[in-house]
Structure formats: C-alpha cells, structure tokens
Amino acid sequence: MTLVLVLGIVLLLALAATAVATVSKRSHKAMDAAERRAVTQPKSRPEPEPEPGEVEIVLPAGDDVVVPPEAGIEVAPPEPAGEEPPAVRPRLRDRLGKARALLAGYFGDLRGRTVIDDEVWEELEEALIRADVGVTVTAQLLDDLRRRAKEASATTPSELLDLLKADLIDVLSRADRSLTFEPGQPNVWMFVGVNGVGKTTSIGKIAQREAAGGRRVVMAAADTFRAAAAEQLQLWSQRVGADLVRGQDGADPGSVVFDAMAAAGNRGADLVLVDTAGRLHTKVNLMEELKKLRRIVDRTPGALKEVLLVIDASTGQNGLNQAKQFGEAVEVTGVILTKLDGTAKGGIVLAVQSELGIPVKLVGVGESAADLIEFDPEEFVEALFAA
Amino acid sequence: MFDSLSDRFESIFTRMRGRGRLGEKEIDEIAREIRLALLEADVNFKVVKSFINRVKEEAAGADLSKSLSPAQQVIKIVHQELINTLGGETGKLAMNPKPPTVVMLVGLQGSGKTTACGKLARHLKSQGLQPLLVAADLQRPAAVTQLQVLGEQVGVPVYSEPTDPVAVARNARNEAGRLGKNVIVLDTAGRLQIDEALMDELRRMREVVEPDNVLLVVDAMTGQEAVSVAESFAETVGIDGVVLTKLDGDARGGAALSVKEVTGKPILFAGVGEKLVDFEPFHPDRMAGRILGMGDVLTLIEKAEANFDQEQAVKAATKLRKGNFSLDDFLEQMQQVKKMGPLQNIIGMIPGMPKELKNTQVDDKELGKVEAIIRSMTPQERNDISLINGSRRLRIAKGSGTTTQDVNALLKQFKMVQGMMKQMAGAGGKKGRFPKMPNMGDFPGM
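Chains A and B, in that order, give the protein sequences. Here the first sequence is numbered in this note's numbering, starting from 8 and rising by one per residue. Here the second sequence is numbered in this note's numbering, starting from 10 and rising by one per residue.
None of these hints come from the bench; they were simulated from the model. Check before you lean on any hint, since a few could be wrong.
[Stated by the list, open to error] Restricting the straight-line Cα-Cα distance to at most 25 Å, the calculated cross-link-like pairs of lysine-lysine (DSS-like) are:
(1) Lys298(A) - Lys347(B)
(2) Lys65(B) - Lys85(B)
(3) Lys347(B) - Lys424(B)
(4) Lys290(A) - Lys378(B)
(5) Lys290(A) - Lys374(B)
(6) Lys299(A) - Lys347(B)
(7) Lys374(B) - Lys331(A)
(8) Lys407(B) - Lys424(B)
(9) Lys331(B) - Lys421(B)
(10) Lys298(A) - Lys374(B)
(11) Lys421(B) - Lys407(B)
(12) Lys331(B) - Lys407(B)
(13) Lys298(A) - Lys378(B)
(14) Lys34(B) - Lys65(B)
(15) Lys378(B) - Lys331(B)
(16) Lys290(A) - Lys347(B)
(17) Lys58(B) - Lys85(B)
(18) Lys374(B) - Lys421(B)
(19) Lys58(B) - Lys274(B)
(20) Lys85(B) - Lys107(B)
(21) Lys299(A) - Lys374(B)
(22) Lys284(B) - Lys299(A)
(23) Lys284(B) - Lys290(A)
(24) Lys284(B) - Lys298(A)
(25) Lys348(B) - Lys378(B)
(26) Lys85(B) - Lys34(B)
(27) Lys290(A) - Lys348(B)
(28) Lys378(B) - Lys299(A)
Bound conformation, chain B alone:
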C-alpha cells in the first residue's frame, strides 16, 4: 500500500541528496514533483493544492542550520504534514456510557460495508464487547444472507426483518436489549451520494437509531470522487469516522488523504485482506511512514508477535547468537513467517529494503521450492552447507525437482543471510538494531 507514492518521494529525494541548500527554486521543483505524485496517487486535486501550500510554507520557513541535511528536512516536513492530514493520532470509536453503543456503516455500493461490519464485529468481540450485527441492507439481493454467514463465522448474532430499513434500525435496539448486547453494528445498503431518496432514508435511520458512530466506508481504490462522496455523506447524514477498505492491493490510497482532509473525521479502521481478521486500527503515523518509504516496522513487529511461537523464536535466537543457525532452523522459522501473511505485504513494511528486493514479485508458492530443496538435503548437509560439493548439489537438485542453479542460488543467499545474522548476533540481538543489508541504499534516519 502506498508503495508507488513512497517510490516517488524516494526518487525526488534521491535527486535532492547531494545538494547543499534548499532554495526557492528547489522548493518549487519539489512541490511540482510532490503534486504529480499525489495526483497519481488519486489524492483529490484540491487537497493536493492545500497540502502543497502547507509543505511549501513549512519548507521555506524551515531552519536549515540544523544537523539534518536539507533533503532530510523536507522529508520530515512532508512526513509530518502527511501525518497531520491523515489524522494525527489513532482515533477511537465513541462508546456510549449507557449501552448499547450503536455503530452505523454507510457508503457507496461495493465499498465493502457488509464485510467491514463482519470484521468490526469480530474486532469488538475480541475486545470483550458483546456485539449484535444488524442487517438493514434490504436492497441488494442476499445482502442479509451475506451478513448472516459472516455473523456465524465470527460468532455474533444477526438481526434483520424483511420490513424496511428504518424499521429494522428502530427494532435493533430492542433486540440488543433482549439479547443483552452492548454494541450494535448496523449495516446499511450502498447508495450513491446524489440519490436523494436513499440519502433521506439514511437520515431517518439516523434519527431513529441515534448512532454514537456513523462510519463512512471508503474503498482505497477510489479516485477523485472520494471527496464528493465524503462531503455529501458528511453533509446529509453526518459522519464521525471513516473505514478504509481494500488497502491490501496496490492502490496508492490517495482517497485516505482526501477524505480526512475534507471531512476532518479520523480514519478509524483499515481493511487489509480477505480474511475476517484482516482488519486493523488505522495508524496515521505508520501510514505516513509507509508513504515515505520508511516501512512499517511497528505493524511488522505486531504481526511477528502474534504469529511466532515464542519458545521456538527464543531457541532460534540463541542459536543465532552462537552462530550456528542451520538450514533446519531456517526451514522451521520459514513456517512461522508464512503465518504472517503474504510475503509481498511483509516486504512492504520493512524499512530501507533494497529496491531490487522490494520490487521482486514474490510468489508464496516459490516457498515450496525452497522447502523442497532444503528437504532434499541430508541432516548433515543442512547443518553444515560446506559439505555440499558438486555431486551432492546434483543429487539435491534431482531430489527436489529443481536445477543445480537453484540449489546454488539458495546456498549463496543462505550464506548472505548467515552473514547478516552474525552481524546481528554481534550487536547482541538488541531490539531495533538491524544488520546492514546487502546493497542497501542509505536511508535518511528520522
């Protein structure tokens, strides 16, 4: 996500590096480049204008006498401005002191409301709340069934009735009271913001159910239209926050910037995958970091903590320190990495990842090939790869259905990995100390 935007910034600042000062001319040039990049990223053109003006002002007034290079200074300014635009701090749902808290999701057709409802219900449940899903999308065929299936998957009851959306909304509170649920997640039919009748229906639903949170669901792939959608929903229905969906694709997600800027409402959650667990609180600071190619180490660490078996990890780390991390250990840890989700996503989160690696198309199926090669080795070979001579290579290649070139490549790279591990072991395996990666371009420290 936001990858191309970070690439753009990277290329701008790569060119900027090596220059001494930041004159008016440079600022203009940077502004032009940022404008292009943001427009290509689907940030609304009005938002781009105001964003650039703020960056220019900041940049012009910036004190360049500090130890940071001008390039780093500009990155910092753009970064901070992105964070500001995206919402400063992580937002939270408003909880009603007198339950049930009502969360109502609205948006265009196909933005992902129903799925987001299911994910939100799961999220709330995992926080110890008692959600009730309410299906008030009586328009799209089988929308109610879809929510019922999702409800079953996450173990949350679903309420609906084949009357009209306003009646469903009205009776939802009673149902929540009857079942003793403290949060209502209300799904509504998708609608165009210019459809007056349907927007009026939303307004009436709002009056009846008095939601504590009205969340606008926005597809991350939305283009310039994001602004008029957000404006209309904010004006006619009123919204309290935004859910950004389909962020796991390669959409640059300019819609996020646009929506936040025009509504002033925080982006609360992000949908980042097809599974119901792929739903995260939206972190503006991390997202801004991603935009600037700084990676998203925090998310990576969270994912690692959630998916890695701690005992195994500690064992592996000990071996690593002693410098005898073998292919067997590699294989074992590889299984854990797999659990963290598609490798491609993970790579995107790593700061300073060498570009040639970042752009590699990583097919998770290739992992099978790696596995096959390692499994075709004897235990001795896995422990000490220096044993592997020409005839052994041939045997391994045959055994794994690969070529000796593949085997060679694997061995060579494993040696590089071992090298990196030794470096890290040297650093004492301290938190946050990453070894220098091969071919790594210098990365501005922030």
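With the rest of the complex left out, here is chain A:
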C-alpha cells in the first residue's frame, strides 16, 4: 500500500504542473490528446489485408485458425528420435572469419610476453569487459585466476590464459545442454525474450531443422502484438512444412496457445514451438501474461519441456536482468544466443550461466536455418579470446 503514497506524490506533482499550465497550451494539448486516442486504441487497429495468394486467414476476431502446410511440401518420413539431422553443421569457428580478423591481436602480444605483471592483469580485465562479461563476473574470474595461478605456479601470461580458458570452459560445461524431447507425445518448447532478439527467426530455424529430422511440428504464433509477427512465422511455416496456429492481431495470446495445444493433440504432433511477443522484463503486466501462457501449456502436465530465453549477442549487462526476470516468471531452461556471427562476443551468457545456472543451448551464427547450431563451450571461449 505504499502505492497510495507514491500515487499521492505523483498526483501532487502532476497537479502542480497542470494547474499552472497556461491556457495557450490548451489547444495544443487537446490536439495531442485526440491524436493519442486515435492511435493508441488497439481494438481499432486495422487488420492487414491478406496478400493475394496467401492462405485465407480472415476470421471473426478472437478465433484462431490452423493453417496447414502448403500442399506439395514433402515431409520427410520420421526417423528414430535422437538421431542427428544429417545436415553438415557449420562450426562457430568457420563463421567467425571476419570477426576473427578484427579480434586478432586481442591476446596476440600477451602470449608473446614473458612475465605476469599488472599490465597483463589489466589487459585480461579489459578483454573480459570488452566481451561483455561484466565487471562483477570479471572480478570474480580474475580473483579466482590469481589463486589458481599461484597454485599451479604459472609464470607466463600464456599459461595464465590457458588457465583462464579452462576455467571458463568449465563454467560453461556444467549444465546439460541438450533440448529435452520425449517421443510419443506433444513436446512444447516455448521461446521468450525482450524485443528484437530473434525469437521468431530462431523458431523458424528450429522448425526447419526438426521438421527435416522427421518431427511433426506445430508453430504457435502467440505474438499477437507486433505488427506482422504472425505473418513472419507463417512464411516460415510454409517454408519448412510445419503447421501454424495463429489468431487475429491483438487477440489473446492465451487463446492461440490453447488452440495450438489442442491442435497438437488432435494431429499427433511431436513438437509445439510457441512464439511469444517480445517484452521488456520490467513490464509487470506483460510478464504476468507470459506466466499465464505457461500455465495454459502446463494444463497438459509434462508437455512443457523447454522454456528458451533468446538473448542477442550484442546485449550488455542488461542480459543478466533479463535472465533473472524471465527465469523468475517462467523458469527458463536454457538460452539461445543469437547474432554471434558479428563482432559481439556474447560474454553476458557467462554471467547468466555462472550466476543463475542457466546454460546456453543453441547459438545463432548466420541467416540460414543451418546457422543455428549447438553451443560448444570450447569454441565459444576460443572465440571470446580469439587471437
């Protein structure tokens, strides 16, 4: 109930501000307010016209529709679960061509030096901070390293680096990084994250890979907020041959998830990929909405296998807040680190793993579907210090 006090203060300031406002501002204000009303009413948001040739999607508001994959798309026969999809996976290393060139010299000269002095420690600190590992975790890592360097009686910067790398790999290797899947029932993987990290794209890529592996995939377009998010997912569903469940723009995302669960049951789907609207973790009401979506999935006990938090590699320290808040709201089981093909290192996942114990499961290293690869701690750390 401190709320009343807070409200009182806000009110007071607001009143003071308004009461003294000059009348001349009134017309401007009225115009602005009218305009605000005109553009902020989600209910009156015009529906996008379906493109000619697109699947028919116009339905009364609130209704969902299951869009079947386009006829003619071959769905590969199911393969025994657990078998690796046949495609050749690009390795992080191969994708880093350009970035690596920029990185060269990070530690090149450090390796060549003979004594461990303050400068060496400073450079290590700088390198970790530059990789977005964060001040706190960097300090912990380096304190730890000082201790272990003494124990191992390391004398050269080169040895120091190797110790540090081994430590980081150890931190990152602690958790199980596989994506949970049980054959014979619908498995739900839910994707969450802030705006613009690449949730929808990641789902498209995963759908392609899983469909190619013979799994029957249903995509749930529960991002009913962002303009054309469902269209984006629909294009993916047609491309990869997955079923899509979507609602009208602005519809209750809960209804989409509900229908997707029903559709998955009816059609004997193996995998339901739930796309959710990007939301800042600080928006209480939107996080509540996310919890609700999870509860709807949980009505089918045991169906929810993964809640994957998508993090953009260029994210700074805020990534830790994101992981904390999303973790508290919906119990995140893993991280997908996207856009790692740039120069961003994604060091924040080190903090996420070491402080919250949430492992990175997949890494996005390019535009194509094959560019979403399993996370490899060794390669990641190597890239972190690429030299």
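We have chain A; now place chain B onto it with these hints.
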C-alpha cells in the same frame, strides 16, 4: 532508465558528503567508482577512460571555495560532462529546403528500425508534415507487412516493391512526388556492420536516394559492441544522428554515451515504450539529470500536461488549497495519473524520491485494489475519513475483498498525502515548489 547508474552515483556521493575537501586521493576514489558504475552501465571501456580523464581534470582544477560543497561540485562536474558527452543540446532532423526530405534508418537486426520508422512517421505527421513510409527491408520475412500495418495505424502511406532495396530507394522519390509527400522515411534491412556485401548495398542506396538524414538505430541494451557498430556504420555509410530504442526497460543505457562519443552525432530520438506514441525527442540534459538521480521533472510535467484534464485539475487544486481534498478527488485524479503511463516510469522521473519508494515494485494492478477500497466507502466516509471506525473498516475491507490492514494502510497514507497537500497549499501552489516528502534524503540543489 539509467536508474542503477544514478543509484551508483548517489551512493558515491552519499559517502562523500560530510567530507571537507576534495584531495587527489578522493578524486581517484571517485574516479574508480565512476569507472565501475559506467562499465556496469555498459559504457564502452574506451569511452569510460576518456570520460573519467575529463572529469578528473575538471575536478582537480575546480575552485572549491564556492558555496557549493565539494560533493555538489563533483556532481555538477560529472553532470555537465555527461551532458557534453550525450550531446549538449537537443538535436533536430535536417529538413531539405527542396522537399522531399529523406530520412533513412539503418542498424543491426532487431534494434527496432521498423518500429522506429512507424513512430517517426507518426511524430512527423503530428508536426504537420506529410510523410511517406518506404519499406526497403526485403530480407526479413514479413518486414514489409509489418511496416504496412504500422503505416495504417498512423495513417501514413507505405511504398514498397518486390525488386531490390536499391530500386525501392530509387523509386521512393518518384512515389513521394506523385503523392505530394514532403518527408520520406526509409526503412532498411537489419545488417551486421561486418557484412561487406550488405554494407555496400546501404552505400548504394545512399547514393541513389541522397538522404538528408541517415539515422543509426541503437538498442539501449547494447553492450560494449555499441562502439564498433557505431564506428562501422559511421565510416562505411555515414550517419547524421542516432535513434535510441527500448529505453523503457531497465537497461542502464551506456550505449547512449558510447555512440555519441565515438560518432560525434547527436541522439535525436528515444523510443520509450511499445505504443507508437512512445517516441520522444532525446534530451541530453534531462538524461544526464536522470543519470545523477535528479529525476526528470520536465518530462513529467509534459506528460501531465498532455494527459490531465485541465478543468478537473484546476478544480482539484482549488480544493487542495482550501484543504478539503477528499478521497473522492483522489480517486478522480488517480484515473488521470493512470493515463500518464506505468507508475514505475513516472516514479523514475521524480527528483529526490525517497529510495524506499523508488525501489517499490509498483504493479499498476494494485491500483485496482486502491480503487476497490475507496469505492467500498460511503460518500460521507470519503469526505471525512475520521468517520471510519473499527466496524466501518471491517465493512470496507469485506466490501472490497481486502483486509483491514490494507484499509488502515490506505487511510494512513492518505493522511500523509493530505499533509503534504496542505504544505503545498501553504506554499500557494506555486510552480516548482514541492512539499517536503516523508523520509526524504537531502538532495543536492543544483
């Protein structure tokens, strides 16, 4: 936004208060703390270095004999330096004397270009201009559709063609001429700054369309990477300004400092929410004030003016002066506060907000509870809360589905609010005169 950074500065200077002079040792200590705070805020480490050096120089050369305390002096120096780094004055879009003016938005994937285009078009339209949105992001599935939906929402036409981005850019001018539009807002596909082919495409688009403004869209949550992104885009494409997006989260937004510092280009706009109206000109001075925990009174006042019904406000203010501000009035005004956006955001703008209040997690749904309690009271009770005795409390609690503790808390706090209002009434309700808030830590006057 920037909340944690202001907290850091606050704690540094709280410790500094009570000390007499500012010696070299103190300056070093402050510098270290500021460095940590800035790094935690994702300010690029190079930018931090130069920023700190400037602050140290200023601080060392500062004349401490003035009436300000040394702590206040340092705050002032850091504040001024933050303003300088963030861009001094509010920047403006360059308008072409021979329309159409062309604004081209570029940036990484997912930084918020398409949304920013929609918001910018709305903003320009509200200033009486005639914008045309152009969708040249032919890469991401449904990006064109997204812009079309946004265009419809803001009532601005959208031009695109399924050819290639350079052709779209080329034909955009003709289309603007045909429709009689005087501003072109050009959306481009997101790209990594190291993707040579795509950066080259941007360069070619630039040559064809000759934009008056190329704006780099930067996510406020960006980490150390912000500098290399900004440098690359500035070098290969050339930029004239920056749009900072997603500032409504709790990202400390160090990217803002970094980008401005390395490119030297002003941050023109800030995206501060999910709705299309949540788009503001970027005010470096206000932002610097926020960083230092000074609040953002100007934005608050603007929001209040835009959302409060003036007649009602004047009526309420009159009552307030007479000292008979009732729970009914409170309820009425509460509805107006709600329109100003999430309370949490508003709290962040209030200077000198007691820390314990600032850190309260405010869920706007709690407002419903407050409403329910007040609405469960009789009109007499709302006018005179002293009527409310034990049995009335119980009835109110039952009626609103709350507990008597909740009711008590509300009444107690409303009394405090009334007290504050009386103080303000005493001050004559003058502009800028705020009543003393309970438990308020002393705040350095600037």
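Exercise. Against the structure shown, which of the earlier numbered hints fail to hold, in ascending order?
Worked result: 12, 15 and 20
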